[in-house]
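All chains should be modelled from the sequences, with the hints used to inform the complete structure.
2 protein chains.
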Amino acid sequence: MKLKSIGVIRTPFKEQPGTPIQGIYSEEAEGKIELLPEYADGLQDLAGFDRVWLVYWMDRAAKAKLKVTPYRDTQERGIFATRAPSRPNPIGLSCVRVTGISGNVISIRDVDMLDGTPLLDIKPYMPEFDSYPESKAGWFDERRAERTHADGRFSGRVDT
Amino acid sequence: MKLKSIGVIRTPFKEQPGTPIQGIYSEEAEGKIELLPEYADGLQDLAGFDRVWLVYWMDRAAKAKLKVTPYRDTQERGIFATRAPSRPNPIGLSCVRVTGISGNVISIRDVDMLDGTPLLDIKPYMPEFDSYPESKAGWFDERRAERTHADGRFSGRVDT
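Chains as they are written, first to last, in our numbering: chain F, 1 to 160; chain U, 161 to 320.
Hint data in this document are derived by calculation from the structure and do not stem from the laboratory.
Only a predicted model underlies this, so the values are computations on that prediction, with no experimental measurement involved.
For each residue, glycine too, the CB sits at the ideal point set by N, CA and C.
It is possible that part of the hints are untrue.
[Stated by the list, open to error] Taking lysine-lysine pairs in the BS3-like style, the calculated list, with each CA pair at most 25 angstroms apart, reads:
{"id": "1", "chain 1": "U", "residue 1": "Lys-296", "chain 2": "F", "residue 2": "Lys-2"}
{"id": "2", "chain 1": "U", "residue 1": "Lys-162", "chain 2": "F", "residue 2": "Lys-65"}
{"id": "3", "chain 1": "F", "residue 1": "Lys-63", "chain 2": "F", "residue 2": "Lys-2"}
[Unchecked claim] Examples of chain U residues toward chain F, derived with CB under 8 angstroms:
{"id": "4", "residue": "Ile-166"}
{"id": "5", "residue": "Ile-184"}
{"id": "6", "residue": "Lys-192"}
{"id": "7", "residue": "Pro-197"}
{"id": "8", "residue": "Asp-201"}
{"id": "9", "residue": "Asp-205"}
{"id": "10", "residue": "Trp-213"}
{"id": "11", "residue": "Trp-217"}
{"id": "12", "residue": "Asp-281"}
{"id": "13", "residue": "Lys-283"}
{"id": "14", "residue": "Met-286"}
{"id": "15", "residue": "Pro-287"}
{"id": "16", "residue": "Arg-307"}
[What the hints assert, rightly or not] Label pairs and their calculated CB-CB ranges:
{"id": "17", "chain 1": "U", "residue 1": "Glu-236", "chain 2": "F", "residue 2": "Thr-74", "range": "42 to 52 angstroms"}
{"id": "18", "chain 1": "F", "residue 1": "Gly-116", "chain 2": "U", "residue 2": "Gly-260", "range": "33 to 43 angstroms"}
{"id": "19", "chain 1": "U", "residue 1": "Gly-178", "chain 2": "F", "residue 2": "Lys-14", "range": "43 to 53 angstroms"}
{"id": "20", "chain 1": "U", "residue 1": "Glu-198", "chain 2": "F", "residue 2": "Gln-75", "range": "44 to 54 angstroms"}
{"id": "21", "chain 1": "U", "residue 1": "Glu-198", "chain 2": "F", "residue 2": "Glu-146", "range": "32 to 42 angstroms"}
{"id": "22", "chain 1": "U", "residue 1": "Ala-207", "chain 2": "F", "residue 2": "Lys-65", "range": "41 to 51 angstroms"}
{"id": "23", "chain 1": "F", "residue 1": "Glu-146", "chain 2": "U", "residue 2": "Ala-207", "range": "16 to 26 angstroms"}
{"id": "24", "chain 1": "U", "residue 1": "Lys-296", "chain 2": "F", "residue 2": "Glu-30", "range": "13 to 23 angstroms"}
{"id": "25", "chain 1": "U", "residue 1": "Lys-227", "chain 2": "F", "residue 2": "Lys-4", "range": "12 to 22 angstroms"}
{"id": "26", "chain 1": "F", "residue 1": "Thr-74", "chain 2": "U", "residue 2": "Arg-313", "range": "41 to 51 angstroms"}
{"id": "27", "chain 1": "U", "residue 1": "Asp-275", "chain 2": "F", "residue 2": "Lys-2", "range": "19 to 29 angstroms"}
{"id": "28", "chain 1": "U", "residue 1": "Lys-164", "chain 2": "F", "residue 2": "Val-8", "range": "19 to 29 angstroms"}
{"id": "29", "chain 1": "U", "residue 1": "Lys-162", "chain 2": "F", "residue 2": "Glu-28", "range": "30 to 40 angstroms"}
{"id": "30", "chain 1": "U", "residue 1": "Glu-288", "chain 2": "F", "residue 2": "Asp-151", "range": "16 to 26 angstroms"}
The structure is reproduced here in structure tokens:
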């Protein structure tokens, strides 16, 4: 199970402290996907989609931990009940808005990843498969902490 | 960027032909996640969530192709505008319902992956970050093909 980078994600965020913890808290921050040119043909027909999932490698995430205190809470939770980056496989998943496609470059908004993050996949956002507005979200629904931007708690390079 | 399997996904589906192409077409098919025991502590607090994202390695997907004819359409589309499995990195993403957690085993419904698929990550489904019911979905919105179960077009082992 070996991954290859298919491109790089460009964002305004150079380090974890101050980076939005999710795209909805980014104040519509703009970014770009620079897809490797050999994959550009795979972007055909993507322009009709409002949003895409980006699957990426969180290359500057802290080592995996099974219990973490998430940004939006005040106590420890199991890592698989959070979206925190210090996961056994540091794979990130974000839904971003597509604002333009030109050759191998995609302009995006609502970015929450660090500049230079290696891209693994782009998948179209399809509400029929992906949208469950009424789904219960456990501890998150209790809204114990209103933090919207990262601090340094999950910083540091992954040991892989 | 090396992945490790954190467990295995058990489903009723042994081969691609006849497997639902997405969980919503599975008629609530039941499955299980057998997480490796050393990761079980990471499941704490997950029980309060209705749904999770499974991130997995599509170990029996066909080789990557940049243009494919998706199950739900009648003409070729760029791979990044589809959810077809023959991607440069064969990473699958499915939203499944959680029906029970016991130790390192999670009971799930709405499964659309092959039995024995290596699991890479579990992320809680959070409507605030993940649900965009009005998002436009390009060619998919035109509903040219109503196929809901796979045939053999993306079968075959990935060359990695």
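Comparing the hints with the structure gives:
no.: 1; hint: U:Lys-296 <-> F:Lys-2; verdict: violated (33 angstroms)
no.: 2; hint: U:Lys-162 <-> F:Lys-65; verdict: holds (17 angstroms)
no.: 3; hint: F:Lys-63 <-> F:Lys-2; verdict: holds (19 angstroms)
no.: 4; hint: Ile-166; verdict: holds (5 angstroms)
no.: 5; hint: Ile-184; verdict: holds (6 angstroms)
no.: 6; hint: Lys-192; verdict: violated (15 angstroms)
no.: 7; hint: Pro-197; verdict: violated (12 angstroms)
no.: 8; hint: Asp-201; verdict: holds (4 angstroms)
no.: 9; hint: Asp-205; verdict: holds (4 angstroms)
no.: 10; hint: Trp-213; verdict: holds (7 angstroms)
no.: 11; hint: Trp-217; verdict: holds (5 angstroms)
no.: 12; hint: Asp-281; verdict: holds (5 angstroms)
no.: 13; hint: Lys-283; verdict: holds (6 angstroms)
no.: 14; hint: Met-286; verdict: holds (5 angstroms)
no.: 15; hint: Pro-287; verdict: holds (5 angstroms)
no.: 16; hint: Arg-307; verdict: violated (14 angstroms)
no.: 17; hint: U:Glu-236 <-> F:Thr-74: 42 to 52 angstroms; verdict: holds (51 angstroms)
no.: 18; hint: F:Gly-116 <-> U:Gly-260: 33 to 43 angstroms; verdict: holds (41 angstroms)
no.: 19; hint: U:Gly-178 <-> F:Lys-14: 43 to 53 angstroms; verdict: holds (48 angstroms)
no.: 20; hint: U:Glu-198 <-> F:Gln-75: 44 to 54 angstroms; verdict: violated (23 angstroms)
no.: 21; hint: U:Glu-198 <-> F:Glu-146: 32 to 42 angstroms; verdict: holds (34 angstroms)
no.: 22; hint: U:Ala-207 <-> F:Lys-65: 41 to 51 angstroms; verdict: violated (20 angstroms)
no.: 23; hint: F:Glu-146 <-> U:Ala-207: 16 to 26 angstroms; verdict: holds (24 angstroms)
no.: 24; hint: U:Lys-296 <-> F:Glu-30: 13 to 23 angstroms; verdict: holds (20 angstroms)
no.: 25; hint: U:Lys-227 <-> F:Lys-4: 12 to 22 angstroms; verdict: holds (19 angstroms)
no.: 26; hint: F:Thr-74 <-> U:Arg-313: 41 to 51 angstroms; verdict: holds (49 angstroms)
no.: 27; hint: U:Asp-275 <-> F:Lys-2: 19 to 29 angstroms; verdict: holds (23 angstroms)
no.: 28; hint: U:Lys-164 <-> F:Val-8: 19 to 29 angstroms; verdict: holds (24 angstroms)
no.: 29; hint: U:Lys-162 <-> F:Glu-28: 30 to 40 angstroms; verdict: holds (35 angstroms)
no.: 30; hint: U:Glu-288 <-> F:Asp-151: 16 to 26 angstroms; verdict: holds (20 angstroms)
Checked against the numbered hints above, the structure breaks hints 1, 6, 7, 16, 20, 22 and satisfies the rest.
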